[in-house]
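Visitor: First to last, the sequence lines map onto chains L and V.
Each residue of the first sequence is one higher than the one before, starting from 1 at the first, in the numbering used here.
Each residue of the second sequence is one higher than the one before, starting from 1 at the first, in the numbering used here.
Simulated from the structure, these hints should not be mistaken for laboratory data.
Fair warning: there could be bad hints in the mix.
Stated by the list, open to error - Derived lysine to aspartate or glutamate pairs resembling EDC-like cross-links, with alpha carbons at most 20 Å apart:
1. V:Lys264 to V:Glu74
2. V:Lys320 to V:Asp294
3. L:Lys354 to V:Glu96
4. V:Lys304 to L:Glu319
5. L:Lys35 to L:Glu8
6. V:Lys152 to V:Asp176
7. V:Lys333 to L:Glu424
8. V:Lys333 to L:Asp78
9. V:Lys264 to V:Asp334
10. V:Lys333 to L:Glu8
11. L:Lys35 to V:Glu397
12. V:Lys333 to L:Glu415
13. V:Lys304 to L:Asp78
One-letter residues, chain by chain:
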Amino acid sequence: MSADTDVEILRRRGRIVVVGASLAGLRAAETLRDKGFTGSLTMIGDEPYEPYDRPPLSKQALLGRARPEDTALPRRRDIDAEWRLGVAAESLDRAAKQVRLTNGDTVPYDRLLITTGTRARPWFHPEEAALDGVFGLRTRDDSARLCRKLTGGVSRVLVIGAGFTGSEVASACRELGLDVTVAERGPAPLVGALGGVIGAVADRLQRGHGVDLRCGVSVTALEGDDVGRLRRAHLSDGSVIDAEVAVVSLGAMRNTEWLAGSGVAAGPRGIACDAGCRVFDVNGIVTDDIYAAGDVARSPHPLFDYQFLALEHWGNAVEQAEIAAHNMICAGPDRRPHLWLPMFWSTQFGVNIKSVGVPSLGDQLVVAQGALAEARFVAVYGYRGRVIAAVSFDGAKWLGFYEQQIAAGAPFPPEYRAVDRRTEMLHPVDPAFPDPHLPTHGATVTLTGHSPSERRVAFVPAHA
Amino acid sequence: MTSGTLITQITDYANRADPYPLYAELRKIPVRREDDGSYLVSTYYEVRSLANDPRLSNDTTNRPPGYARVGQPEAESGLPPSFIFTDPPVHDRLRETINRPFGPPHSPRFLDGLRGELATVVTDLLDAFEGKDQVDIVEDFAYPLPVTAICKVLGVPREDEPRFHVWADALASSLDPQAGDDGQAKAQQARQDMGAYLADLIETKRRHPGPGILSALAPDMTPADLEATAVLLLVAGHETTVNAITNTTLTLLRHPDVLDRLHKDPGLAVPLIEEVLRYEPPVQFVPWTTALADIDVADTTIPKGAPVWLMLAAANRDPKRFKDPDRFDPGRKDNEHLGFYTGIHYCFGAPLARIELHVAVPELFRRVTFSRLLEDPPPYRANAVLRGPRHLPVAIEALTA
Chain L
1 MSADTDVEIL RRRGRIVVVG ASLAGLRAAE TLRDKGFTGS LTMIGDEPYE
51 PYDRPPLSKQ ALLGRARPED TALPRRRDID AEWRLGVAAE SLDRAAKQVR
101 LTNGDTVPYD RLLITTGTRA RPWFHPEEAA LDGVFGLRTR DDSARLCRKL
151 TGGVSRVLVI GAGFTGSEVA SACRELGLDV TVAERGPAPL VGALGGVIGA
201 VADRLQRGHG VDLRCGVSVT ALEGDDVGRL RRAHLSDGSV IDAEVAVVSL
251 GAMRNTEWLA GSGVAAGPRG IACDAGCRVF DVNGIVTDDI YAAGDVARSP
301 HPLFDYQFLA LEHWGNAVEQ AEIAAHNMIC AGPDRRPHLW LPMFWSTQFG
351 VNIKSVGVPS LGDQLVVAQG ALAEARFVAV YGYRGRVIAA VSFDGAKWLG
401 FYEQQIAAGA PFPPEYRAVD RRTEMLHPVD PAFPDPHLPT HGATVTLTGH
451 SPSERRVAFV PAHA
Chain V
1 MTSGTLITQI TDYANRADPY PLYAELRKIP VRREDDGSYL VSTYYEVRSL
51 ANDPRLSNDT TNRPPGYARV GQPEAESGLP PSFIFTDPPV HDRLRETINR
101 PFGPPHSPRF LDGLRGELAT VVTDLLDAFE GKDQVDIVED FAYPLPVTAI
151 CKVLGVPRED EPRFHVWADA LASSLDPQAG DDGQAKAQQA RQDMGAYLAD
201 LIETKRRHPG PGILSALAPD MTPADLEATA VLLLVAGHET TVNAITNTTL
251 TLLRHPDVLD RLHKDPGLAV PLIEEVLRYE PPVQFVPWTT ALADIDVADT
301 TIPKGAPVWL MLAAANRDPK RFKDPDRFDP GRKDNEHLGF YTGIHYCFGA
351 PLARIELHVA VPELFRRVTF SRLLEDPPPY RANAVLRGPR HLPVAIEALT
401 A
């Protein structure tokens, strides 16, 4: 009964602090107000902008079709929050229940939600990274700068890393009529997320659109001129590429450094939380006042043997934020689990790519509809005899069906007849994922094991 | 009540004015086997799931002999089916081609560019109400607008309307399960005649391209495919939007409180039109799908080869999906109705239909003060699938400029 009273007081007069003012943070704040939270709400964000949408930044915004400053997220409702923008959180003091900001301020909380997300993995060599012409792409400012550069008369662009962001940037460059070289360490574009079989389709797609695609190579050095402008790049195969622009798209890093020493289970792979978004401490004990949602969170998923799953997906950020917000101001029995089925999309080279489930878990693959050769298909991934994921190229409307198949643990390979099945029998093949111990920049879904605290090594970018 | 009598009742003309109690009865068994081996699916989540299921085909040649092969021209006609009665990859190739001059990404402004002309048509139609104390909404308003629109879209001469009107009627009627052999024969004849008419027109467009998508498509499609497409779009553009405009008018006149709200807030037109598409969808059900494999749904297995009817109008009133579903409520949130179907066969003309409705409905109620419906329920067309009033006589009080 006292717990219920506490929840009631919290809902009325509590102090909720949200660290990370992007998609997940905003949706959580809106949900809190929707559910009747009338206490104080503080939104802390390191960028100077109110929450904005990131997917267009590597697509329409690069083409100049949408201005980056017009990507502000639509507001579902007024959230009556105190905004602390342009200042990052520096540390967390669990005992004092307060967040310290980089400007020295401290912000006390009764409930804390961490939605600090990810940032672009920077180029490993700081001096090279500082060359004029070397770009990352994660923020609105990144996108605006890159767009200005791309539309300002450059001849050749080098994209480093052919994950989703890199591939979308390459696609935008081709659409702008720019020569573009893509250097990918793996055997094909998108290989980390979708495997080599589908990667080969992406490979043909890129080359078919005039991309100078170089797989199986790393960029070893970026070279500038004497005034600090990028001039050329050196590749691990000994070749040299002249380029005025290099876009570093080597995946994302989770923004958890500020939690070092706080005692919560946060590390390079994210912040471990339970299915109700409550953050674990390093001992695997769940906290009751700290929650996490969005790209920075990792939580156990029943469909994947309760391994912790980390997702960099737009839809996940929204749904997990809503669950976290709900649970933050609820008593135990009313809390809900976050059981999102991973899903993401991309558009590149005129093709809509959509994925549901966890392809990288797949041990087998069949093309259930369409044909790889036509770059129009649905590929279904199997894991120990059940359907675990599906990926479509220009076939997104079918994925709702496969989502149901995944949720139901339907047998793999699918043996039923379906529209656009091209063969009598489906022959499963190895989806050809690279060695999972080599982190790839393309993976947007990561199974991160069963342990809430991390004892494994951090990602070290490979360079020759 | 046995299942056999229920479907007979739904297709029975006597129940055309209000089939909704029958749909409610139908929903008690979400997936219901008919005596002839067909399956009727009437609940929202099941209909939505099946419409998106790759094991369900729109090509009725997948049915065993003995079942109606809706939409399939007789073999001797040498004509291909239109894309609504095909599956991928043929379907996707055709639809993508046809979409190129019609909508985004290639032609994002095409439909928007028609607004002005359609608004002029509406103005002219309403001007003609001047001096009348009663009109037939169908003949005097709802029918002429979509015909003009589809003629513009295709590039078909508007003055040929009396010719293709008859064919379009016969073809639309053939979708009705009650059409029978006579109806099917008439439809085949109409298909031939309309095909011949359009083949001539397409040939002319090929030599002398003009406005409209037929000219744009002529270089990219075989004459037979383009002809089949033109027939489909002309028929679909004809019947369904007429019913949508008429149903909206009828529903509003039956709900004067909502009409008052519309007068005070013209912005209500947008959700109001969506609510009509849920509440009185112009395509009531889709009886032309076929299971390609055994499909487990709602504790029933639909066997391979079975004809499947997806009952959109019943699903749109499923209380498990829509709160208080028999209430007409334009303020309804989250109104993801199935009025335009769902999945890969989602209504191709939906954006055009919405533009027509948005141009027609607010202006109709802004300018015309209605006193009452002269017949309620109004007389309906025979068709149970493309359901709508044949006439909608209304008394009018005043007309403003």
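Visitor: Each hint should be assessed against the structure and marked as holding or not.
Guide: Verification of the supplied hints:
1. V:Lys264 to V:Glu74: violated (54 Å)
2. V:Lys320 to V:Asp294: Violated, at roughly 25 Å.
3. L:Lys354 to V:Glu96: With a Cα-Cα distance of about 19 Å, the restraint between Lys354 (chain L) and Glu96 (chain V) holds, given a limit of 20 Å.
4. V:Lys304 to L:Glu319: Violated - the C-alpha atoms of Glu319 (chain L) and Lys304 (chain V) are around 37 Å apart, more than 20 Å.
5. L:Lys35 to L:Glu8: holds (12 Å)
6. V:Lys152 to V:Asp176: Violated, because 28 Å separates the two Cα atoms, which is more than 20 Å.
7. V:Lys333 to L:Glu424: violated (45 Å)
8. V:Lys333 to L:Asp78: Since the Cα atoms of Lys333 (chain V) and Asp78 (chain L) sit roughly 18 Å apart, the hinted pair holds (cutoff 20 Å).
9. V:Lys264 to V:Asp334: Violated: Lys264 (chain V) and Asp334 (chain V) sit about 23 Å apart, past 20 Å.
10. V:Lys333 to L:Glu8: Violated: Lys333 (chain V) and Glu8 (chain L) sit about 28 Å apart, past 20 Å.
11. L:Lys35 to V:Glu397: violated (48 Å)
12. V:Lys333 to L:Glu415: Violated - the C-alpha atoms of Glu415 (chain L) and Lys333 (chain V) are around 39 Å apart, more than 20 Å.
13. V:Lys304 to L:Asp78: violated (52 Å)
In this structure, the hints that do not hold are numbers 1, 2, 4, 6, 7, 9, 10, 11, 12, 13, in rising order.
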